[in-house]
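Undergrad: Residue strings, one per chain:
2 protein chains.
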Amino acid sequence: MRFELTREFLDDLIEIINNEDSKKAFQILEELYAADIAEIYNELNIEQAKYLYLLIDDGEKAADVIAELDDDDRERFLAVLPSDVIAGKFIDHMDSDDAADVIADLPEKKQEEVLQHIKDLEQAGDIVDLLTYDEDTAGGIMAKEYIAVNIKMNLEEAITEIRKQAEELDEVFYVYVVNDDNILQGTLSLKRLLLSKTNRDIKDIHNSNVISVKADMSDEDAAVLADKYDLVALPVVDTIGRLIGLITYDDLVDVMREEAEKDYQMISGITEDVEHSDRVWVLTRARLPWLFIGLLGGIFGAQIIGIFEEVLAKHATMAFFIPLIAAMGGNVGVQSSSIVVQGLANKTLKSESIFKKILKELSVSLINAIVLSSLILLYNLVFSDSYALTFTVSSALFIIIIFASAFGTFVPLALNYLKIDPAMATGPFITTANDIIGLFIYLIIGVALFGIMN
Amino acid sequence: MRFELTREFLDDLIEIINNEDSKKAFQILEELYAADIAEIYNELNIEQAKYLYLLIDDGEKAADVIAELDDDDRERFLAVLPSDVIAGKFIDHMDSDDAADVIADLPEKKQEEVLQHIKDLEQAGDIVDLLTYDEDTAGGIMAKEYIAVNIKMNLEEAITEIRKQAEELDEVFYVYVVNDDNILQGTLSLKRLLLSKTNRDIKDIHNSNVISVKADMSDEDAAVLADKYDLVALPVVDTIGRLIGLITYDDLVDVMREEAEKDYQMISGITEDVEHSDRVWVLTRARLPWLFIGLLGGIFGAQIIGIFEEVLAKHATMAFFIPLIAAMGGNVGVQSSSIVVQGLANKTLKSESIFKKILKELSVSLINAIVLSSLILLYNLVFSDSYALTFTVSSALFIIIIFASAFGTFVPLALNYLKIDPAMATGPFITTANDIIGLFIYLIIGVALFGIMN
Numbered sequence: 110m111r112f113e114l115t116r117e118f119l120d121d122l123i124e125i126i127n128n129e130d131s132k133k134a135f136q137i138l139e140e141l142y143a144a145d146i147a148e149i150y151n152e153l154n155i156e157q158a159k160y161l162y163l164l165i166d167d168g169e170k171a172a173d174v175i176a177e178l179d180d181d182d183r184e185r186f187l188a189v190l191p192s193d194v195i196a197g198k199f200i201d202h203m204d205s206d207d208a209a210d211v212i213a214d215l216p217e218k219k220q221e222e223v224l225q226h227i228k229d230l231e232q233a234g235d236i237v238d239l240l241t242y243d244e245d246t247a248g249g250i251m252a253k254e255y256i257a258v259n260i261k262m263n264l265e266e267a268i269t270e271i272r273k274q275a276e277e278l279d280e281v282f283y284v285y286v287v288n289d290d291n292i293l294q295g296t297l298s299l300k301r302l303l304l305s306k307t308n309r310d311i312k313d314i315h316n317s318n319v320i321s322v323k324a325d326m327s328d329e330d331a332a333v334l335a336d337k338y339d340l341v342a343l344p345v346v347d348t349i350g351r352l353i354g355l356i357t358y359d360d361l362v363d364v365m366r367e368e369a370e371k372d373y374q375m376i377s378g379i380t381e382d383v384e385h386s387d388r389v390w391v392l393t394r395a396r397l398p399w400l401f402i403g404l405l406g407g408i409f410g411a412q413i414i415g416i417f418e419e420v421l422a423k424h425a426t427m428a429f430f431i432p433l434i435a436a437m438g439g440n441v442g443v444q445s446s447s448i449v450v451q452g453l454a455n456k457t458l459k460s461e462s463i464f465k466k467i468l469k470e471l472s473v474s475l476i477n478a479i480v481l482s483s484l485i486l487l488y489n490l491v492f493s494d495s496y497a498l499t500f501t502v503s504s505a506l507f508i509i510i511i512f513a514s515a516f517g518t519f520v521p522l523a524l525n526y527l528k529i530d531p532a533m534a535t536g537p538f539i540t541t542a543n544d545i546i547g548l549f550i551y552l553i554i555g556v557a558l559f560g561i562m563n
Numbered sequence: 110m111r112f113e114l115t116r117e118f119l120d121d122l123i124e125i126i127n128n129e130d131s132k133k134a135f136q137i138l139e140e141l142y143a144a145d146i147a148e149i150y151n152e153l154n155i156e157q158a159k160y161l162y163l164l165i166d167d168g169e170k171a172a173d174v175i176a177e178l179d180d181d182d183r184e185r186f187l188a189v190l191p192s193d194v195i196a197g198k199f200i201d202h203m204d205s206d207d208a209a210d211v212i213a214d215l216p217e218k219k220q221e222e223v224l225q226h227i228k229d230l231e232q233a234g235d236i237v238d239l240l241t242y243d244e245d246t247a248g249g250i251m252a253k254e255y256i257a258v259n260i261k262m263n264l265e266e267a268i269t270e271i272r273k274q275a276e277e278l279d280e281v282f283y284v285y286v287v288n289d290d291n292i293l294q295g296t297l298s299l300k301r302l303l304l305s306k307t308n309r310d311i312k313d314i315h316n317s318n319v320i321s322v323k324a325d326m327s328d329e330d331a332a333v334l335a336d337k338y339d340l341v342a343l344p345v346v347d348t349i350g351r352l353i354g355l356i357t358y359d360d361l362v363d364v365m366r367e368e369a370e371k372d373y374q375m376i377s378g379i380t381e382d383v384e385h386s387d388r389v390w391v392l393t394r395a396r397l398p399w400l401f402i403g404l405l406g407g408i409f410g411a412q413i414i415g416i417f418e419e420v421l422a423k424h425a426t427m428a429f430f431i432p433l434i435a436a437m438g439g440n441v442g443v444q445s446s447s448i449v450v451q452g453l454a455n456k457t458l459k460s461e462s463i464f465k466k467i468l469k470e471l472s473v474s475l476i477n478a479i480v481l482s483s484l485i486l487l488y489n490l491v492f493s494d495s496y497a498l499t500f501t502v503s504s505a506l507f508i509i510i511i512f513a514s515a516f517g518t519f520v521p522l523a524l525n526y527l528k529i530d531p532a533m534a535t536g537p538f539i540t541t542a543n544d545i546i547g548l549f550i551y552l553i554i555g556v557a558l559f560g561i562m563n
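The listed protein sequences correspond, in order, to chains A and B.
Residue numbers for the first sequence follow our numbering, so the first one is 110 and each next one is one higher.
Residue numbers for the second sequence follow our numbering, so the first one is 110 and each next one is one higher.
In short, the hints are calculated from the structure, not lab data.
A hint or two may mislead.
Which copy is meant is left open, because identical chains are indistinguishable; a pair holds if it fits in one copy or across any two.
Within a straight-line C-alpha distance of at most 30 Å, the following computed DSBU-like cross-link-like pairs (lysine-lysine) qualify [claimed, not checked]:
1. K170 <-> K261
2. K528 <-> K469
3. K300 <-> K198
4. K273 <-> K261
None of these values were measured; they are calculated from a predicted model.
Model the full assembly from the supplied sequences, consistent with the hints where possible.
TA: Right, here's the structure in full:
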């Protein structure tokens, strides 16, 4: 039943589309999940995609396909659809959070048009409400669809109410319990609902220990929280505790994945969020700035070496170890900074444990420094005939490892304190900085030791 | 209701434990979630943790605490508990998948002892079954707890059956439908269950389009699948389609997070999986090998430069740009390799699109190479008085960017083809290789151009 997108399948499908064989195309669409159809769209041109799309007669499925598309493809696709089709064909069938995401990406004029074409006024109202939240907050990823029952009900009344509300939902995982003022009181698990007698009161069988978040909490923090407590859904409340929405696991997983991808791209020296794009210039724009930092660093490095030109001309062997010194500073710096960034991202690094963390990092780097500078000392004692060079390389390497580790630990912590994304400090930035500083330390020590020992 | 672990809280708690004030300690435990208690354990010594643990009287909660502990802490903690306490206090109350994980980590002799102490023979049997699966497969993360009803039942019969089975479960999200041979036929959503009349037949109201996985599928692939189709649980079947287990969203999320963390650590030059440890030597062991690769690369680089000693002594300015050349090769290589690794991890990079990907990478690197080598050309035309140096740096940079990008794209693809983790090719390995190759290209070009132009 699982679908695998192959070249053959795609060739067949494109032929079917080109022949406008709507019966066959419809049959294929029937058998596929929305996520599969979205995957196929990525491989079609816009006219082919539009032809297929208009064949989908199941509103739910049509809505899901749109929700599953990459942002890029969605934008191009929506541009060719008229507002009334957008509203009628899928916004009406979408969960409010997905609908709000789709509408938020439209040009302002089209937003208004689409909103006016939505037949379900409650849905239109929900969307307008959701559009007011920042997209990086709990409010920005919550949906207005959830099931809530009053704490004064008994189970029989609650079940009637749940049935009524469930008609509008795709799936039911939790029932929330509220009081007359809509203030969240707890949850009613489906297990309890199935196992309890119908004459029991909700107030006696609900679980009052419910974890909720405020609408302005960052979506990242909400995802970390849901992950910690293994929650499949997270209710969102306003300042006085009224239930206003629900974040479901699929959106929480999306946030987690996006955060992980962003941190990964930062450490790779790629600006976040554009790698899904197909356009070469967009891809280039994502990488060039980081390489430019590297280039500037290299030019700066060249100038530093330039200061020491005379020494290098006299002792050309000093140049031999420049790549080693530069690489080691960079490698150690990336290790330390990435550890800090990961610790901050998954909240295992709390303010009180930061001091402990720094001490531990320093111990690790001390061991690394001792081992690695001893190894290079042995190597040079055997293969080099200059004691000055031998001791320069070893002592510089020792100092640089300690320094790069301290720098790599400190910078992301400082950025985090300044409310700047600490992941900024993991990629080319930290390696470039450590390259230059390492180079300087190496050359200074070299000048000193060659002066003394030769 | 959300818990924040503070220094004050911890100091108070430790005082309570030291005073053996069991009543107060019990009260605190009552108010906390299992995940919070596990978080506190990480900050306590083993005796304090044991004291607290034995106070928890709710078996479910005691089990959850153990399931939430870090592997490291759990191992140390289980070592101080006798086998009958392990079996009686929490294995009996755990879901079979968590129980199997805990038991798998015990020394072999203790495994047998604990298994013999489990009172619920069905649970013991499930655990023994689960222990046969590789821990990196769908079978290795599935649980034996799920709800299944026969397709021949009507809804009323099914509800009776569901009630019976639900008693043993923490939560219910899906009901699976099987035939007489236990072969998976579909799902029954809780929404359908709530909304349908009780005299309807399961065969008419179930959803036969169910996505399942085989037990030997990798856990990573299972997580990608669940994510693609937004599934909160994934049923696991054997070779002939019999339902044998269920993977729930919390385990799928764990797999996703672990994969992301592993790739992040690889690109940082840290061996996976040890960063949660507190021990300095374990942390050192995770990083030193990668630094050692960097050191070897540096020594190799020194030897390459050594070959060109004479040229460098004559034209010391050539040494100026060694750090730039080395850094740029590394940066470009990491960008390209990380893109490929991410594409492979989230399955957006399929075999048929690999050729397209390589072409796109080459276009991007061509633009980067043109821009960056032009910039350094301008810089050197202004600030350098040697045309030989100017053209050496620019042409070497151009070639190195193209080469590093191709190399960074190719190596992870090749590793993946050889069934080796492509993430190996993202961190120090790729930067070190590109450093050395870049250096060699630079010096060769330098020798040629200085020979021709001077």
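Undergrad: Confirm or reject each hint.
TA: Each hint, compared with the structure:
| no. | hint | result |
| --- | --- | --- |
| 1 | K170 <-> K261 | between (37 Å within a copy, 29 Å between copies) |
| 2 | K528 <-> K469 | within (24 Å within a copy, 35 Å between copies) |
| 3 | K300 <-> K198 | between (36 Å within a copy, 23 Å between copies) |
| 4 | K273 <-> K261 | both (18 Å within a copy, 28 Å between copies) |
Hint violations for this structure: none, all hints satisfied.
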